[in-house]
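Participant: Chain by chain, the residues run as shown.
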Amino acid sequence: MKHLLSISDLDRAEIEDLLTLAAEFSSVLERDIPKVPTLRGRTIATVFFEASTRTRLSFERAAKALSADVMSFAPGTSSVTKGESLKDTVLTLEATGADLFVVRHESVGAAARVAGWVNGPVINGGDGAHQHPTQALLDALTLRQRFGKLDGLKVGIVGDIANSRVARSNIDAFTKLGAQVELIAPSPLLPVDLSAFPVTVSGSLEDSLPHLDVVYLLRVQIERGSGPILPSLAEYGLRFGMNRQRLQMLPADAVVMHPGPINRGVEITADVADDPRSLVLDQVQNGVSTRMAVIFRLLGAS
Amino acid sequence: MPEPTRLLSADDVRRALTRIAHEICEHHSGVSNLVLIGIQTRGVPLAESISEAIADIEHEKVFVGSLDIGLYRDDLASRPTPRLGRTLMPVDLNGRNVVLVDDVLFTGRTIRAALDALSDLGRPAAVELAVLVDRGHRQLPIRADYVGKNLPTSIDQRVTVRVEAIDGENGVWVGS
Amino acid sequence: MNSELAIRNGTVLTADGVAEIDLFVKDGRIASIGGDHDSHTTIDANGAWVGPGLVDLHCHLREPGEEWKEDIASGSAAAAAGGFTALVAMPNTKPAIDSGHLACFITERGRQVGLCQIATAGAITMARDGKALSHLDELWEAGVRIFTDDGASVADAGLLRLAMEYLAERGAVVAQHAEDQGLSLGGQMHEGAISSLLGLRGIPALAEELVVARDLALARLTGVRYHVQHISSRGTLDLISDARAQGLPVTSEVTPHHLAFDDERVMALDPAFKMYPPLRAASDREALVAGLSDGSIDVVATDHAPHAPFETEVTFAEAPRGVIGLESAASAVMTACSLPIETFFARMSISPAQIAQLENQGRRVATGILANLVVFDPERTWTPDRFRSRSENSPFRGEALRGMVLATIYEGRVTHSLVKS
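Residue numbers (our numbering), protein chains in the order written: chain A, 26 to 327; chain B, -14 to 161; chain C, -19 to 401.
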């Protein structure tokens, strides 16, 4: 594995290897000294052209737990406002000493493009509505911890599938690991052509709930590019939000997930977010160990 | 390439480990505060064997842990895709007498990494080292407290330790 | 007779049919077909096709205003290398070609360069902003015969109707870049399985078809000669075919890249596959290839759209739309469609010259006509890797192509040759 750009680059064995490694790093993070010297002297550049506090912090925490140094780049505080291109930015970072790049960008394919320009490995930290592979891995790890395996799990992914990189990576990762995925959304929020997705589709959350093991709620933004794609957030919440009443329609051992940040009261009500069946905080914790595993695999092998 | 020469038989290995067990018991005047920590991978079954031998002598079971030093190596960049083994500590190491167990003592770099790893896991009262084979060629100021067999080798020779739990048999071979 | 140029051993598209015969050029004109004459220069066609020089109904030469991408000199050199003896430059320069003197500037620059005939299309609206008619009469007087706001559709049906009525009287062609702005907004590629997989906003084929359907109704109302630029979908082709069956004077063009590629090629997110209209589904591509072969589509036009390397070294979404095509067009068309000689020259020279009303272009070889010729080997294979264009944004870079331009002759002068002696 030279880069991590898309879940489609990984087969089941490679995904499972990363999850096993991530579980090992979880135990490192539980130690009194949650840090190992593995990547001392190596430098990881986080190149986030799109605002994201959580993902960037998670990557930086992972890098530091492996004793790597971190260079953090964000436009606004940088030459991008002076018109410096993505290419010049990453080449400058590489010349400054970056060994690995974590790239987030609003454009589909940005990380892959960067991988063509720099020598070091590149991790896709999210490219437009395309892929967010470390999110899929950490979600798979979370499910593996809870259920032992994903084989046979029925996962419902709810919300703005069309514009979600989380959905695209998770559909691929979950199905590769043996889960069945159902997409639950109103049609303007579904991709136009689903023929390339190994999924079933439902327009009703309530019809789907009784047969799901996992409800995965995506973050909803009613604005995109040209304007509103939904009548209102409130109406969305009424049809597709997860509340106490709907939680009771789930099988007893089913769980609720959300990649964050949550619009409380829209995708998920406050009491559901804090319910023991919500794995939201497990997801956040697993984010660090998963990213340690990916960084370790990419920089440990040369 | 000539066949490797077998230098220690299964019985030789058993006798060496038993002797190490005796030496450990003698040196510590008992085993109540002791933990054996095998270095992944072959140090772990060797530590188990020493623990069993100690149990025969002292009628007391000592804790055995496993330590993977993959995250502490100083040669990560030059190795192929690293695999990590489990690190499992059965007890809190603080204040314990730890005996690290490994199959072969060579350059000393593995032991250096193991000492670093250990220091992130706790603060033992003392750390000693037991190895089945010491083949010389140290690159660091490290020595073993308990040695099964000193084997003078040339630097390019290959010393192979096989242990029952992993390889199906016990013994030590030297090849060129 | 002492000729300036002999083209020997060619398979020649003459006014009397296809013949294996030698040609002789003197004073810029075909002096003799057959016979044996001395010549200063000889091109040995060695069985390759010889016919009227290719005519591109649709290219962007970027002059004036964006000369770092291309200019009339570099564009003419690329055209000559691609077998072209005439180009129709699109009016979306900076400033747009919306007045007579600007059109004169383009054709005059073309004459100065002298590698091929440069005609220009005129803008339908001032500054191509879709609000008010351009100086249509001035442009006509300056020799403009094709009018378009290419790069954008004329969205206002009332304004377009006015332009059509005005230009119908003159006998000009109204050409449309068919793109409904609402449906294409934010779109990066064909809307379908691939765009869904990639998470890229799609441009539905409907964005093109809707505009064509409306325009056909306006063309029926006004009687104007209407030409659909760079058609990309089966649905558009069906609309045009129906209109033609009803006798409307409607023509259309297709680009080499739409004949060669479908949206699968966008998977790798190489900006050299980003253009409007986008590469569509495999079924669309098949319909276009069939339509070009059977004549439902009249013309291959390159939509040569140069962008400098620094502009394309960005992500797919940020890259500008358009790819170059002059140097690879003939080969790409042969590779994708395997046209026979008559059809090849009809689509790439004769029909475009008729639509653009270029009287010295697109003529079957006959004694006395201006020697605008191409020598094209339909079998020889090559792989484009370097370009005479100032830009290199070609989807055909690295593609094995069949068919190769061996020589180009413009008004009797050899403007490109791999086989001259």
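Note that these hints are calculated values from the structure, not bench results. Quick caveat, the model's predicted, so the values are computed rather than measured. Treat the hints with care, as some may be off.
Listed next, the stretches of chain B that the computed footprint assigns to chain A, with coverage defined by at least 3 CB atoms under 8 Å from CB atoms of chain A [what the hints assert, rightly or not]:
hint, stretch
1, 69 to 77
2, 146 to 158
Reference listing, derived: stretches of chain A covered by chain B, where coverage requires no fewer than 3 residues with Cβ under 8 Å from a Cβ of chain B [unchecked claim]:
hint, stretch
3, 56 to 70
4, 222 to 232
For glycine and all other residues, C-beta sits at the position ideal for the given N, C-alpha and C.
Participant: State for each hint whether it applies.
Facilitator: Now the hints, each set against the structure:
1. Only when three residues or more bring their CB closer than 8 Å to a CB of chain A does the claim for the stretch 69 to 77 of chain B stand; here the count is 3, and the claim holds.
2. A stretch counts as covered by a chain when three or more of its residues have a beta carbon under 8 Å from one of that chain; for the stretch 146 to 158 of chain B and chain A the count is 0, and the coverage is violated.
3. By the rule of at least three residues with a Cβ nearer than 8 Å to a Cβ of chain B, the coverage given for the stretch 56 to 70 of chain A holds, with 8 such residues.
4. Restraint check on the stretch 222 to 232 of chain A versus chain B: 0 residues with Cβ-Cβ distances below 8 Å, three needed, restraint violated.
Hints 2, 4, counting from the list given before, are not met by this structure.
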